[in-house]
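Undergrad: Starting from the structure of chain A, add chain B where the hints point.
Listed below, chain by chain, are the residues.
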Amino acid sequence: MNFPGLANQYRADFPILSQEVNGHPLVYLDNAASTQRPTAVIEELARYYREDHANVHRGLHTLSNRATALYEKARVSVAHYLNAKKAESIVFTRGTTEGINLVAESWGSRNLRRGDLIVLTEMEHHANLIPWQIIARKTGAILHFLPIQDDTGAIEWSELAELCRQGNVRLVALTHISNSLGCVNPIKQVCQTAKKYGAVTLIDAAQSAGHAFLDVDDIECDFLVFSSHKCCGPTGIGVLYGRQELLDSMEPYQTGGEMIVSVSWNEAKWKPAPHRFEAGTPHIAGAVGLAKALEYLESIGRRKIEESDHFFGTAAAERLRELPKMRLLGPVADRAGIVSFQLGTIHAHDLVAFADQYGVALRGGHHCNQPLMRKLGLMASARASFYFYNTETEIDRLISVLRDAAKYFGD
Amino acid sequence: MDFDELYQSIILDHSKRPRNRGTLSPPVTHGSGYNPACGDEVTVFVRQSPERGIEQVSFESQACAICTASTSLMTTQVKGKTREQALALQRRFIDFLTKDAPEEGLGNLQALGGVKKFPQRLKCATLGWHALEAALSGLDKEPVTSE
Numbered sequence: 001m002n003f004p005g006l007a008n009q010y011r012a013d014f015p016i017l018s019q020e021v022n023g024h025p026l027v028y029l030d031n032a033a034s035t036q037r038p039t040a041v042i043e044e045l046a047r048y049y050r051e052d053h054a055n056v057h058r059g060l061h062t063l064s065n066r067a068t069a070l071y072e073k074a075r076v077s078v079a080h081y082l083n084a085k086k087a088e089s090i091v092f093t094r095g096t097t098e099g100i101n102l103v104a105e106s107w108g109s110r111n112l113r114r115g116d117l118i119v120l121t122e123m124e125h126h127a128n129l130i131p132w133q134i135i136a137r138k139t140g141a142i143l144h145f146l147p148i149q150d151d152t153g154a155i156e157w158s159e160l161a162e163l164c165r166q167g168n169v170r171l172v173a174l175t176h177i178s179n180s181l182g183c184v185n186p187i188k189q190v191c192q193t194a195k196k197y198g199a200v201t202l203i204d205a206a207q208s209a210g211h212a213f214l215d216v217d218d219i220e221c222d223f224l225v226f227s228s229h230k231c232c233g234p235t236g237i238g239v240l241y242g243r244q245e246l247l248d249s250m251e252p253y254q255t256g257g258e259m260i261v262s263v264s265w266n267e268a269k270w271k272p273a274p275h276r277f278e279a280g281t282p283h284i285a286g287a288v289g290l291a292k293a294l295e296y297l298e299s300i301g302r303r304k305i306e307e308s309d310h311f312f313g314t315a316a317a318e319r320l321r322e323l324p325k326m327r328l329l330g331p332v333a334d335r336a337g338i339v340s341f342q343l344g345t346i347h348a349h350d351l352v353a354f355a356d357q358y359g360v361a362l363r364g365g366h367h368c369n370q371p372l373m374r375k376l377g378l379m380a381s382a383r384a385s386f387y388f389y390n391t392e393t394e395i396d397r398l399i400s401v402l403r404d405a406a407k408y409f410g411d
Numbered sequence: 001m002d003f004d005e006l007y008q009s010i011i012l013d014h015s016k017r018p019r020n021r022g023t024l025s026p027p028v029t030h031g032s033g034y035n036p037a038c039g040d041e042v043t044v045f046v047r048q049s050p051e052r053g054i055e056q057v058s059f060e061s062q063a064c065a066i067c068t069a070s071t072s073l074m075t076t077q078v079k080g081k082t083r084e085q086a087l088a089l090q091r092r093f094i095d096f097l098t099k100d101a102p103e104e105g106l107g108n109l110q111a112l113g114g115v116k117k118f119p120q121r122l123k124c125a126t127l128g129w130h131a132l133e134a135a136l137s138g139l140d141k142e143p144v145t146s147e
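Protein chains in written order, with the working numbering: chain A, 1 to 411; chain B, 1 to 147.
Hints are computed from structural coordinates only; laboratory data are not their basis.
Treat the hints loosely; a few may be bogus.
Unchecked claim - Partner residues are not named here, just some residues of chain B that face chain A (Cβ under 10 Å, in silico): (1) Asp2; (2) Phe3; (3) Cys38; (4) Gly39; (5) Ile66; (6) Cys67; (7) Arg121.
Built from N, CA and C at the ideal position, the CB exists for glycine as well.
Chain A on its own, in the form it takes in the complex (with noise of 0.2 Å):
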């Protein structure tokens, strides 16, 4: 596989990335945990802070109707970039976390019963976790995991037709890409399945929104959420997709002003989807940033980001399994741009204090995966993850200062 280059073409966009670390040349791999803004979502923020800010929809002055429709105009945008038919059906969150929340209080709540099953995953991020605890803790659902066979990922699949056919499945709520494995999961076949059996879908695609061609419709999932800040995006604002009926059956996640059509002493009456759902001023430069962020992927095409995260992670694979003592987590084939390792019995905490000696960024700990790095006997591991900014030498680096930690802590 060849190195797919749009680095040299895109890196440049990125001003954070041109800067020395500890006297090194920055090698930025923890874009699992954050990417990198280009300058033109950067202007964008500034651009709309300087001409166009104002509330939005009280839009009785020039600036808050701009504010407005710019907001809006965002909203269209996420919903062309998703493939969603209605713009109705986005609603702007504070990201991936706050939209499961969402789903889990507004949806799970009125409609899980006692005995009902919510399937997830093992290599659930602790976001797409805890909510569903505390749903089932509430309504009486019971929490099924459908296990990884080892350090691959691998799942049997077939177990979720095997539990849908056993009739309570009620949500199915799983990662595309795993943040910790980087393994893709076969999202539209789980939706499929799901779907055939009445059950509900969410789909988290923290990892995938910013890196893998999305399409609602084609995946017939319910809801589908992510953040801004994982694919260019500015922080604090994020997406939930939801299927238009069910938008509009469920209840207000936070209440008070935005969000009502009329309220007396006693009593209020809410907007419909999505406006139903984001109480407050939103985060409106926010949107106005994510938008403008979505923009740039496509100017750069999400099929090619893809091959370019699934050429760096195969890759760095590759190298990574040349080092002595090396405990490799996730797949062997399919792997998106991230790779997580054990490296001998140096601690992950140890190796990134090390690298970053070295200018090397990358993420060591549980990644929000505690009880999926006990199953595998982890403590912690390390990350690195890649963008389309990212370049062949710094594989090597990567190799390099891996090599040198190694040394330096080695028995």
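TA: Chain B only, in chain A's frame:
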């Protein structure tokens, strides 16, 4: 370089070859420390008597080099001390790292001074010491956390 100050040779030595690692046979009290940020766990075991103070001390850890080395160094220092002396040393050590208190009386614990330039590793250096305090109190309760 700051980094080598953090991982001084004595730290690397104690992390690779921890002293007093393992459990103790009863009678023994133990205390555990847990760092939710990274998942590090340390359990300290002590055998103490009113007359002879801390007779034996050992630990088990699933932790980074700083944490393991700090706990290992701690065990070499508190053995033979009274409970009060050990707790006084704990306070002096934590003040040294957090309040820039003088290093007098700390012996080879001074090697952990590099942590001062890496505040994100402070919890690593102190986790075993919090576990010691819990072990000395003799109450087998929930792990103390570094938070």
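Undergrad: Does each hint fit the structure? Answer for all of them.
TA: Here is how each hint holds up against the structure:
1. Asp2: holds (8 Å)
2. Phe3: holds (5 Å)
3. Cys38: Holds, about 5 Å.
4. Gly39: holds (5 Å)
5. Ile66: Check passed: Cβ of B:Ile66 comes within 7 Å of chain A, closer than 10 Å.
6. Cys67: holds (8 Å)
7. Arg121: Result: holds, 7 Å to nearest chain A Cβ.
Violated hints are absent here; each numbered hint is respected by the structure.
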